[in-house]
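Protein chains in written order, with the working numbering: chain A, 1 to 314; chain B, 1 to 270; chain C, 1 to 312; chain D, 1 to 516.
Since the hints were made in silico from the structure, they are not lab data. Heads up, some of the hints might be wrong.
[Unchecked claim] Straight-line distance between alpha carbons at most 20 Å, and here's what the computed SDA-like set of lysine to any residue pairs gives: (1) A:K205 x C:M258; (2) D:K179 x D:K265; (3) C:K216 x C:Q151; (4) A:K82 x D:S128; (5) A:K218 x C:V81; (6) B:K36 x D:T431; (7) D:K212 x D:D233; (8) D:K265 x A:L156; (9) A:K82 x D:K265; (10) C:K84 x C:P103; (11) A:K161 x D:A243.
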Amino acid sequence: MKEYIIEKVKSIFIVLVGISLLSFLLGVVSPGDPAELSLSKYGYSPTPQEIEARRVEMGLDKPIHIQYINWVKNILKGDFGKSFSTKENVTDMIIRKAPVTFKLAMYSIVITSVFGISLGVIAGINKNKPIDNLIKLITNILFSLPTFWLALLFILIFSEKLGILPTSGDGGFKYMIMPAVSLSLITMSTTAMVMRSSMIQEFGKQYYTFAKAKGISKYDLYIKNVLPNAILPVLTILGNFFGSILGGSAVVETIFALSGIGSYAVESVFSKDFPYLQAYVLLTGLAFVLVTSLVDILIIIINPKIRLKGDIYE
Amino acid sequence: MNKILGKLSIIVLIIILLVSIFANIISPYDPNFQDKENRLSGFTQEHKLGTDPLGRDMLSRVIYGGRSSILIGVLATLVSMTIGSGMGIISGYFGGRLDKFITSITNIFQALPQMAFTIAIAGVLGPGIKNLILALVISSWAGFSRIVRAEVLKVKEEPYIEAMVYLGSSDLSIILFHIIPNIMPNIIILLTTRIGRSLLSIAALSFLGLGVQPPNPDWSVMINDARLYYRSYPYLIVVPGFSIFITILSINTLGDYLRDIFDIRSEEII
Amino acid sequence: MGDIIFEDFNVNFETRKQNVKSVRDMNLTIKSHKITGIVGESGCGKSVLSLSILGLLPDYAKTSGNIYYDNKDITALANRVREKYLGREFGYISQNPSESLSPIRKIRKQFYESLDLVEKNKAEIEKKSIEILKELGFEKPLEVLDKYPFQLSGGQQQRVLTGIAISSSPRWIFADEPTKGLDENIKKDSLELFKKLRSFGIDSTLVITHDIDFAKNLCDEVMVMYSGQIVEMGIDVLDNPKHPYTKGFIESMPSKGMKIMEGKTLSPTEDIRGCRFANRCGCKTKRCDLESPKLYNYENSQVRCFLYDKGE
Amino acid sequence: MKIKKSMKLVLLMLIMTLGLTACGTKETPKEEAVEEKQVVLAGRRHLAPGEEDAYYCSSILYVWEPLVRQGENGEPEPALAESWEMSKDGKEWTFNLRKNVKFHDGEDFNADSVIANLDRMKKEVRQSSYYPMDIDSHYPDLKAYEKIDDNTIKLVFNEAKPTQLYRMVNFGSAIYSPKNFNEEGNFNGFAIGTGPFKIKENVKDDFVVIEKNEDYWGEKAKVEEIKIKNIPDVDTRYAALKAGEIHGTLDLDSLTPALAEELKKDDKFDLATAKSTIVKFLVLNGSKAPFDDVRLKQAVSMALDRQDIVDTVYFGYAEPTTNLLNYSTPFYKEIKVNENMEEAKKLANEVLKGERVSVDYYISGADVTQKTEAEMIAPLLAEIGIDVNIKPMEVSAMREEMKAGNYGIGRERQGLSNGEPSTIFGRFMLTSGDHNQNYSLGYSNEKVNELMEKASKESDVKKLGEIYDEIQLISTETLPVIPLFNDMNIMGHTKDLKNYKAQIYGLDLPNIEWAK
């Protein structure tokens, strides 16, 4: 157990260093002189002296590895630098925008989990029966739908034609339904597929046959015996999804006018606001690592074999 | 059921491919030709799928509209596959430090949410087909590596491989003649699903303006262009959207079908 | 009443590439109020046979023919009805005790579930389970109930399985390879355990095993299965083997000198006209290749071999 | 771990839902706060950028007021200045300020407050999302300003400034409470003006709430509170209007013409239109080949079919023009649009000598109409031998490229900050003009430089008008940029609101009221 934790912490550390390096490199390979970009405003071009002074101020005259170390140091202090386009602190922007994205991601992951798991369980129990085929068909269809297209169709149908859901902005539950649903369809159908095959895999195990032979009710058999076992791999995937939803919200945020971190990431691409882009990549990566690590811990808590015996690899 | 759908999807894909390849022969009009007399015509004899606000023939644009996306999707996925599988094979087969090193790198790339990372890379590199492919490859090769590595580890444990190592066969020949053929089905299925996913990513990027650039007709770009008009003329987004959807659905169905043929459990691939 | 009768029963496992015929034209009566053993090497179809009585075959298995129980063809019953037999009529002790319990649930829950079929009162359930566990040799039943399966040894796990299987007082117990993977000492315990079943009021037992000594010591009647067919059955089959396969099989046992039989078992996918053991048989005649032997009565056994065909 | 497994799952779900409802409960009061009285409008940008902006918020919020405001036909009208007087030589302007006017913070409005604001403006050029706050552009050649008495101030110029009033309208003479900014001139909180509305809440990038100023000196606002949301995407904005989330749209590009057409079909909604101060145009990189030759610029202008674009992309909500000057000012001169493909081909051929050139054509990625427009223009340019690569970009990135001269064609637009045209002429047509340089127009015309010099000394408005007419004619001939259209403001609103009147810039916010 102890070794496992050490190993895990070590690998998380490497990943963190890695993603920080990658996000740093994004800034390095980005076109244009950061010093100049950070100074220039529309209608105003900085003088070479100003640019040179800013270069020194930003530490751009130092060797690249020193720059990286300073960059990381600043980030640890919560300083991601200033946005090239709004001249605002990137940290402030993120703090302002992140809750919207986080909320969206929460709704999406709930939809993903509730519907994904339910559909997967139903399909798994009814393997190869019509209902399974139906669910498979539905998930396959949902899995193949481009999010943005669906989002536009949603707006067309639910907001404009039927007028039952608001189209944009963030004003509470009703506002989140369409964005969250559009954002969760792919993850939901994947969850359903994984849940289904995980159930089926459990059906091949001895304990399932034995439990079934006990003559217990379907509910006891599937929900109490099989589901807790089958759900473990699904939890890992859900953890992954939460991270990828956080980082994949750009399209949906743009269409539904949610001022989250994703929609601005798209803007920042157009406006060459690289400090923001770096922070965006780094933070979504961090969130991913954090959530997946939490899920790992959750699984340890749920699985008594690991919890009590420290037996990770079975 | 699966069999029928699987075969159907192959037929559909072949049709889509042929249509895309021979677009210039098949399409009734030049996709950029503006028929000023017939703008937003709706479905007519002359324009089977109507025209767009500039009077360009929707059918022709749809016929051309898959070209760039499919080409980029297939190319990007092939390159990712080559790099990813290569890394996976090296990592899984040789093990040891090399494995640890490659696995660490894979973990790093996997930790960055793909969409966010792709947007960022596409943003830094600037729009354009070459950069789009590069962005997709950078953000998706690691997925291949991880899965291929796992498969290689499984194959490596087969007794006959162990025996070959013992008998002194060269690593290269073992990899080329035994490991790769063994994991090929997995790679093919993986390739199929990933092409589907790349297409979705490309569509999203193009929609955001980071992908295929005008005036190339492209399904996603067509949807974005139609945003001013689609309320009165829903076909403007329905037609191209449906094309993307059918293409990806067929690819995914094909993936499922292949999985059945090769008898490989799906969760290994996802 | 209570006998299990197979009539022209077949089990096929159809996959895309091949058709595995696991049980072939089974015509057989397993009598109640007895401990019956089915012995045979792995892959001969013995486990499949027991699972097909229980109706627990995987869904890609295709069956034909009938199985009668209490004069009812249970294969013709709807799944819903047939499942009612489980626990109440048929108890099952599966192989690999260590994998037969859900790894992340405590014994208590897995135990109570089963008792729940016959007893609704919670206090009664607890009392009864403690009773059973004590009877099965657990000194501290309460502690056992609060443990997870992996915290028990193999022998303990098997006793728990047995306890669960008998707790709902079925008429029959089917035990699949109860000694597989157990070491010699525990095997002895296991033998005692199964002998004890009668004291729980369960006198009809079918034991599937490849362990000849175990079967010999436990069973009232033994059936030897080979390649999907019963090749020999009777009350003293193991002491007095007649079929060439039975003889070979006994000689291959570690306790009997581990003389490995020559040749390979015919693949279950292969259909042939003659005797399915002929390719390995030392006493093979021309007839063996041309005709499939039936079960012939000989002394107090029935043997599927032309050597014992007295032309009745 | 005594908790049952199933319980644990339920628990997990519960925690998730709780987390959500926790977010949810925070919002509920916000939703309840939307009383029936509150009018909700939306525009494409946040209309109160806040303390970093020179003006804090746009004039269309009616929070601050200018000394002189722009009337319906572009003429200057009294606002905080009740009346004014120009000296005979045109060098001195005296303004009589309105009495009994108070700022939102209770401070009196008087000559001192005007002086404080002029001081602030003089300190430095302040950046804004609207117009840079630059004293030299609103008060060129200003020599001095002084307080005559509590309600009178005087401006003294080095040259005659007969059109000074035009330069001072709206953004040109915004007045804030002197306590509203610190010594450096930076805002220290919400903008405090004298207008019929005051700011109640401002959430950056999201929305701004303004409420009725009960102590307003003039006719008070008709509604209690207005929330103005920032919905950048026009499509979503439109959908929000249709779905009843907002009551109306405002600001530039509040609705695209296509959507306006769409809205017309629904009798629950109405449109409000007005001339806008915006001219949309193509900028051609005149600093290098091929557009350093004026003939090719002329060819481009003549090759276009502006009316066709207006009809297709703008559904008639625009007016073709080749005049750099916008039609909202009284100085605007109607000049016939000259389009002729044959002529265009001829001119282009003279320059290109039968060769084809390929250039980048930058458009704003955020504006969907620009792409369609560009796709209509591209084949026309191809006819005269210019192949274009359409590249959507973000506006500021695009302007950087333009400034560096790395482009062929760009799509731009320009608003008229006031009715006085010389600013616009100067920026585009003077050799030293900032747009001339920022867009790499490479435009230099001695005649224009002379005329501008002459205009700056002219004290007679009529004669000045003649000079401006001449410059407009020169601009259509020599094309510093290729004007496309004069734009229109189109706003949509529900019929629950009445008196929703569009203005040259903005909307008559204080007069809108509930219909029932």
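Restraint check for A:K82 with D:K265, where alpha carbons must lie at most 20 Å apart: Not satisfied, since the Cα-Cα distance of roughly 46 Å exceeds 20 Å.
Holds or violated: are the alpha carbons of B:K36 and D:T431 at most 20 Å from each other? Measuring from Cα to Cα gives roughly 41 Å; hence the hint is violated.
Holds or violated: A:K82 to D:S128, with C-alpha atoms at most 20 Å apart: 18 Å, holds
Does C:V81 lie within 20 Å of A:K218 when you go C-alpha to C-alpha? 13 Å, holds
Is the straight-line distance between the alpha-carbon of A:K205 and that of C:M258 20 Å or less? Violated: A:K205 and C:M258 sit about 32 Å apart, past 20 Å.
With a cut-off of 20 Å on the C-alpha distance, tell me whether C:K84 and C:P103 pass. Between C:K84 and C:P103 the Cα gap is close to 26 Å, so the pair fails against 20 Å, i.e. violated.
For a C-alpha distance cap of 20 Å, please report whether D:K179 and D:K265 respect it. Violated - the C-alpha atoms of D:K265 and D:K179 are around 49 Å apart, more than 20 Å.
Satisfaction of hint between D:D233 and D:K212, Cα-Cα up to 20 Å: 28 Å, violated
Holds or violated: A:K161 with D:A243, Cα cutoff 20 Å? 9 Å, holds
Taking 20 Å as the top limit, are the C-alpha atoms of D:K265 and A:L156 close enough? Holds, because 16 Å separates the two Cα atoms, which is no more than 20 Å.
Within a Cα-Cα threshold of 20 Å, do C:K216 and C:Q151 meet the stated pairing? 32 Å, violated
Consistency with the previously given hints fails for numbers 1, 2, 3, 6, 7, 9 and 10, ordered from lowest to highest.
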